[in-house]
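Chain H is already provided as a structure; the job is to place chain A on it using the hints.
Heads up: the sequence lines are chains H and A, in that order.
Every letter in the first sequence is one number past the one before it in our numbering, and letter 21, counting from 1, is 21.
Every letter in the second sequence is one number past the one before it in our numbering, and letter 84, counting from 1, is 1084.
Hints are computed from structural coordinates only; laboratory data are not their basis.
Please read these numbers as outputs of a predicted model, since none were measured by experiment.
A few of these clues could be false.
Unchecked claim - Here are the computed distance ranges between Cβ atoms for each label pair:
#1 A:A1145 / H:A45: 26 to 34 Å
#2 A:G1061 / H:D139: 43 to 51 Å
#3 A:A1192 / H:E28: 17 to 25 Å
#4 A:E1023 / H:Q164: 36 to 44 Å
#5 H:N55 / A:R1110: 31 to 39 Å
Positions of the beta carbon are idealized from the N, C-alpha and C atoms, including for glycine.
2 protein chains.
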Amino acid sequence: MAHLEFWFEFASTYSYPAALRIEALAREAGVRLVYRPFLLGPIFAAHGMNDSPFNLNPVKGRYMWRDLERTCALYELPWRRPSVFPRPSVTAARLALLAAEESWGPSFVRAVYRKNFVDDQDIASVPVLAELLREHGQDAERWLARANEPDTKASLRAQTERAQALGIFGAPSFVVGDELFWGNDRLEQALAWAARI
Amino acid sequence: MAHLEFWFEFASTYSYPAALRIEALAREAGVRLVYRPFLLGPIFAAHGMNDSPFNLNPVKGRYMWRDLERTCALYELPWRRPSVFPRPSVTAARLALLAAEESWGPSFVRAVYRKNFVDDQDIASVPVLAELLREHGQDAERWLARANEPDTKASLRAQTERAQALGIFGAPSFVVGDELFWGNDRLEQALAWAARI
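Next up, chain H with everything else stripped away, as it sits in the complex (with noise of 0.2 Å):
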């Protein structure tokens, strides 16, 4: 079966709408999906950049919270701008990392998306990511003992270095293949890809 590696970060506004749109789309293309949580930080470091580009450049920025509201009216997907952007999102990536293999998994990544860009809560506070655990049937104490582990961290870092070897520099991004696929914009058009090879 045609499969397609979703890479998102969950501080990332575009991730939010290629999230919850991403599972509907890869069932009706036929395409199986690989969850990659990975982090923007120490990308946008290696090209020199301490912040967002949407904070580096207001301009930019001021643009894309409206293309975003416009962009989640039109998919008819609940939206708020998170009052904190970007929220530190290392703690809920390593979480999504074990969770990739896991039947949760998506739902687990959805709700995390849902809790930064339509409650604006911190997905980085503890009690928080604990209570998403807990309404997806987990022990959410031993999946958060479990993230802190050495080998999670080095595995998030891990993961993080492919993205970049990948030549991933923003997210979401789509890779089918020898292909990526940059944006929200793309997810169609990577599952067509995909579906095709």
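Below, chain A without anything else, positioned relative to chain H:
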């Protein structure tokens, strides 16, 4: 009749598919187009960039060239990566500004884009631009002389300043009332917005 301002820069890669697609789509949507050539150089400089962002960030640049190739294939548009990027576009932009109210203006704009992104020719070259003007039944020497007049230079400067005042930071951009849309990907959405108001 609803109208949409099409803000374009001849050196801009994603402006090429937008310029080639916009007339048919606008006709279908019943939207009148206003052509607004401008220069990205001064806008990039105001954001601290002395080159195209695709050159300043080679990882993003590499992605853009491949993405544009795929995009043009989807639209069935001819495409060749120009051997020089970005090409100096100031004279072509001044001509397009003068031609904006002329019946041959839109066709001239498309012809300049084709020279750059299909024929890989230097759109800063006066003979190349003169040939295009003559192909449009125009007195090339007269238009080129007008393009070099202080009034024309001031008009293009003013138009670029207006782009900046509108919050434009890249090309192509589309302005409909108070709404700004950025990127070839947003062309359909911008036209739908224009048709609705």
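So, going through the hints one by one against the coordinates:
{"no.": "1", "hint": "A:A1145 / H:A45: 26 to 34 Å", "in the structure": "violated (51 Å)"}
{"no.": "2", "hint": "A:G1061 / H:D139: 43 to 51 Å", "in the structure": "holds (46 Å)"}
{"no.": "3", "hint": "A:A1192 / H:E28: 17 to 25 Å", "in the structure": "holds (23 Å)"}
{"no.": "4", "hint": "A:E1023 / H:Q164: 36 to 44 Å", "in the structure": "holds (41 Å)"}
{"no.": "5", "hint": "H:N55 / A:R1110: 31 to 39 Å", "in the structure": "holds (37 Å)"}
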